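Fit chains B, C and D to the given chain A structure using the hints.
Residue numbers (my numbering), protein chains in the order written: chain A, -15 to 142; chain B, -4 to 746; chain C, 30 to 317; chain D, 41 to 120.
Bear in mind the hints are in silico, worked out from the structure with no lab data behind them.
This structure is a prediction, so every number in the text was calculated from the model and none was measured.
It cannot be assumed that every hint is accurate.
Stated by the list, open to error - What the simulated footprint calls covered on chain A by chain B, stretch by stretch (three residues with Cβ under 8 Å from a Cβ of chain B suffice, anywhere in the stretch; the number is not a length):
hint, segment
1, -11 to 2
2, 26 to 34
3, 45 to 54
4, 59 to 67
5, 75 to 89
To be verified - For each label pair, taking beta carbons as the anchor points, the in silico distance ranges come out as:
hint, chain 1, residue 1, chain 2, residue 2, range
6, D, Gly79, B, Asn217, 49 to 55 Å
7, C, Ser185, B, Asp392, 56 to 62 Å
8, B, Val549, D, Glu99, 38 to 44 Å
9, C, Leu98, A, Ser66, 24 to 30 Å
Said to hold, decoys possible - With a Cα cut of at most 27 Å, we get these calculated BS3-like pairs of lysine-lysine:
hint, chain 1, residue 1, chain 2, residue 2
10, B, Lys415, D, Lys116
11, B, Lys305, D, Lys52
12, B, Lys739, C, Lys115
Ideal Cβ placement from N, Cα and C applies to all residues, glycine included.
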Amino acid sequence: MKTHVTTSINDETVEFLCEPQQTLLHVLRNELGLTGTKEGCGSGDCGACSVTVNDRLVCSCLVLAVEADGAKIGTIEGVANSDKLHVIQEKYLEHAALQCGICTPGLIVSTKALLEENPNPTEAEARYFLAGNLCRCTGYDKIIKAVMDSAESLRQGA
Amino acid sequence: MSEAKQFKYIGQRTIRPDGFDKVTGRANYGADLALPGMIWGKILRSPHAHAVITKLDTSKAEAHPDVLAIARFEDFPTVNAAAFAEGRQDSGLVDLASNILANKKVLYHGHALVALAARTEAAAAQALQLIDVEYEVLPPVMSIDAAISDDAAVLHEDMFTQGLAETPSIASNIASRMELKKGDVDAGFAQADVIVEREFSTPTVHQGYIEPHATTVRFDENGTSTIWCPTQGHFDVRASTARLLGMELGQLKVTASEIGGGFGGKTTVYLEPVAMILSRKAGRPVKMVMTREEVFRASGPASASQSRIKIGAKNDGTLVAMQASLYYEAGAFKGSPMGPGCMTVFTPYDVENMWVEGFDVVVNKAKVAAYRAPGAPQAEFAAEMVMNELAEQLAIDPIDFRLQNAAKEGTQTLYGPKLKAVGLVECLQAAKTSQQYQTALAEGEGRGVAAGFWFNIGGQSSVIINMNPDGTGTILEGSPDIGGSRASMQMMAAEELGIPLDRLSPIVTDTEHVAYNQTTGGSRTTFATGMAVVEACQDIVAQLKARAAAMWNVTSEQVEWQEGSAINLAGEDKMTLAEVCAVAEKTGGQISGRGNINARGAGPSFAVHLCDVQVDRDTGKTDVVRYTAIQDAGKAIHPGYVEGQYQGGAAQGIGWALNEEYVYDENGVMENAGFLDYRIPLASDLPSIDTIIVEVPNSFHPYGVRGVGETGIVPPLAAVGSAVSNAIGLPITDLPCSPPRVLKLLQEADQ
Amino acid sequence: MAEMIYQSPKSIEEAVNLLAASSGSVNILAGGTDLIIQMQASIDAPRVIIDVKKIAEMTQAELTDDGLLLGPSMCCAELTAREDIKALFPGLVESAYLIGSSQVQGRASVGGNLCNSSPAADTVPALIALNASCQILGPAGERTVKAEDFVTGVGSNCLAEDEFLRCIEIPRPAPNSADAYLRFIPRTEMDIAVAGAAVSLTVKEGICSSARVAIGAVAPTALLVPEAAACLVGTDLGTADLNAAAAAATAAATPITDRRGTVEFRKHIVGVLTKRAASIAFQRAKGN
Amino acid sequence: MATLILNGEFEKLAGCTTILITSVTYRGFIQEIVNQVPGLEADRLMEMALAIDGEIIHEPLLVTIPENSELHFVLKISGG
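In isolation and in its complexed conformation, chain A is listed as follows:
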């Protein structure tokens, strides 16, 4: 029996029907067409599906879609303000912090969560906070530089 869910995704009210065992990731991608959130493992080990639920960073593959009822969901599609990129997105591009780009949406959502929680992280804190976001292309160096540079700009109110 499908359940009716009313939720907020990137500050827009969204309603959908889902099976109780469907994950939030599955519904975002396959029912709502929000494919910016990626699936790399389906077991919470890669972070490609990172979203925020009530402003807390989670793997959407480890959240049931029904749990979204009455909650506030944030996805990569909501990070930029229409065509105006968020500072973090600009810094990822400036620092060449992506190659294939499949991990990038998850990393940007996680970086945003990190900097909202800790606006002035050390490099080590950034590396540990982002340990759940696997990237196989970059060796992380440019990602971390982009994160530190984003933090700097945001502190200066960019």
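Positioned in the frame of chain A, the structure of chains B, C and D alone reads:
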């Protein structure tokens, strides 16, 4: 040549043209496409590593109300069992088919048996349970030693070792042997004051791309069938699928989606031909997506290897002889990268006497695929470990030791040609003066140095550039962009035409809009497709000059192209590119440039890596504390993405050296088929990886480009291995240097 | 696939009644970081899912004069952000911080970690070392079980089908007390513990006056190891004392060999961790 | 006159390490080898890439072989 000339865009750190879509989540990857009426395909996989299929009954599944199609080996029209028996099929095609849908025998745990398509993903998963299979289980052959032993179970009754003086009459698990030699190694070793000989092993590892294989296909009876998939080579996906299904190339359009990592692992097909069979039978579009577990069990990992290396030197540090025996696991079907392994193992050194033999061995593991400089990391790991041990015995600095024997222009390689200008010496010198090498080691730290070589390739690339009336242009290329190559195509075109970057949009188009392009691999794209882009631009410039000449009523010879404008040498006139395009209508129609080439003269590249580690002697755990990757790029078009290739290769190599390995149980079942227990490096596992770009131009490329994608994974295995060895004061011979293995070495040494 | 029902009670009472009413395959959903993976993996998923995160008490933590009343479903990210709790129980907070990634800590909870009852659960040794007890609620009423008795085997615990974990109580430590938890993994993050050790102790005039040592991932359940604690009590944790405690932990361990480590490796490592965790707790208790 | 240098299996089959080549076309070059060394089959040779003075050419069908050049057969490399 590139040294002299000042560039406007080449060498700048521009913003990649595909960047906006990738940071906003708009970019569409393999699993992101949904078609109207689409159904879901899933695959039943073998629970045994080695078995004969005695019964395969799909009738119950076919009866399931939601199941619309079933696919099995017999559904490959051009590769049926009969043709196989009569030996009419080339074995490559049969192996390809038998790997994606098993034929009579399953050869590894996870081997695809049969596929079905159902209305929903859940129904497809459920229906798989209804398929009735019976097996006669055979003993799994899980290592090179087991595979080559006389009493080994034979995987393929029709496989007789190739490359021997005479082909044996008894089938074995050794697919082929190769031998390369120059000079006389025995005479060489006779002159040696010091000889080091050791045996090494490396485990089965996976490329570990974050995006699982996925595809969405639609079979069209009367028109063009379509495939959407993440691949390094959509033209080759088209070729394989067409051959397996007996289709004409013109009946099949393949679109390369954005690709979430490949590293060589997405250069072949697994799902696409199977999905096409299902779509043809069901008359509906079919989508298939591998789970992460399926990716580990049934895509193409990289060969495990065993090797024996013997190197001799004189007391003054001169190398006199190098000898290697290299064994590579191919997985279930022949075709490991043993050949390139033999050809690369000693290439960094200019030594008179060399002898190398290699063996391609089949085992009950997934068929290997390419992985970044395929074959080279395993072989050069072993060679470089011995080089460092020799340097230590000779009490010579390991960089000086390599400098003394380094390959350079004119060096006769073991694999054939003499080297043209290469940058190994420059890389070694840069390493010597690097900040890391100048930094003293702290208590308990160890340092490792290693060199690495990879050929790089050229090959076929086809590019079309269409100019618009307003002077903007579209670059149509057919090389899937796995690391930012669209940025370098845009930069090279803007440089050639002399117009701003944002006037040109590079697009990786489908198989219908440009002619054949070889797969993105072999570090060929910025080199070869870049050459095609330059050729297409030169084609356009010639036309622009002719059009301007027509407007001025002079000959083309009287027109010169300077910084994006036509100049009339006969007068004062000048027309910008946009102005010429605007009058194209009057001067003979719109302007397109074409560059269809088969690029030669790929520039070999060398790298040198430095690794410092700290080893916890109580637990055997290694932390990488400093790392520097130095490599000859020939010319870095976009330094940011060149550094990214160095850093990415280094990170993968560090993972290979420290923690990555397939762990199998006694039945040949992989026990760690997930990112939880197949441990690729995390952000918190790595220090910042410093890079030094060396530029010794490749004379065959208009900008001096060499490939940079692969060489960076070659040195890390020995750089890390030697650093650990240096830290614990014991030899390292087997990868990975995981904590239990290192602790065991320390404990054995204490007793 | 079996029809599944999702319930999200708003009160403890509602949860008790739902649990009593739903016979057969029923699961409590806390963070779901284990349950949801199990659900996706198995064809026959549980028929009833009771999500307890919408019950306020289940996700709150209160420090009283007696100690900590921890809502079992408070996510680790929220727990590790609580400086007041960290000040009293640094080892427990460390163990919660070590569970999975930032993303997983946004969901996973100490109660979920207990109820999933994995031998490698990071917070369980920490709870045992802190002498924690578990308030269990069912139709028959409430009962209390010591943390070391809660988990009964690999993936099994003392909860009856109609019971659930309502609260975790941790007594307020005596003055000059501290705890520490260490685990060993091959990488720096993300892995499942190969071995873990938690030590909680009290110091009087530079001497360890009382201690509890618990080890994880080296037996079917996390173990309290009094023999190891005995090696510490009455000492200033000199090298010999620490080595004795390590040896006792190694002796108490009965691990298995699997893809994450061999018997020999795990027995050795749990000793090393016990030694190191004891030193850290000792330094903390002495206030440096 | 160009010099073909043989290695590995080809050297074994040929029983020599160098062959002098007079033809300037690839087709003639292959024919010349087969004539001189019956052990070497044209098909096998034409599966290989050809290196002319160090430049590796995967599809040499239309090359002209320069005077005094050094030639090697090289296994075709694909890469990752």
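Comparing the hints with the structure gives:
1. Closer than 8 Å: that is the beta-carbon criterion, and the segment -11 to 2 of chain A has 0 residues meeting it against chain B, so the requirement of 3 is violated.
2. Counting residues of the segment 26 to 34 of chain A whose CB falls under 8 Å from any CB of chain B gives 5; the rule of at least 3 is met.
3. Residue count for the segment 45 to 54 of chain A with a Cβ under 8 Å from a Cβ of chain B: 0. That is fewer than the three needed, and the coverage hint is violated.
4. Residues of the segment 59 to 67 of chain A with a Cβ under 8 Å from some Cβ of chain B number 5, which satisfies the need for three, so the listed coverage holds.
5. Coverage of a stretch by a chain is defined here by at least three residues with a beta carbon nearer than 8 Å to that chain's beta carbons; for the segment 75 to 89 of chain A and chain B the count is 13, and the condition holds.
6. A beta carbon spacing of about 52 Å between Gly79(D) and Asn217(B) agrees with the range 49 to 55 Å that was offered as a hint.
7. A hinted range of 56 to 62 Å holds for the C-beta pair Ser185(C) and Asp392(B), which are about 60 Å apart.
8. For the pair Val549(B) and Glu99(D), the supplied restraint of 38 to 44 Å holds, since their beta-carbon distance comes to about 40 Å.
9. Restraint check, Leu98(C) to Ser66(A): a C-beta distance of roughly 47 Å breaks the suggested window 24 to 30 Å.
10. In summary, the hint linking Lys415(B) to Lys116(D) is supported, as the alpha carbons are separated by about 18 Å, within the 27 Å threshold.
11. A hinted pair counts as satisfied when its Cα atoms are at most 27 Å apart, and Lys305(B) with Lys52(D) qualifies at roughly 23 Å.
12. A C-alpha spacing of about 37 Å is found between Lys739(B) and Lys115(C), which places the hinted pair above 27 Å, so the restraint is violated.
Consistency note: the structure conflicts with the earlier hints numbered 1, 3, 9 and 12.
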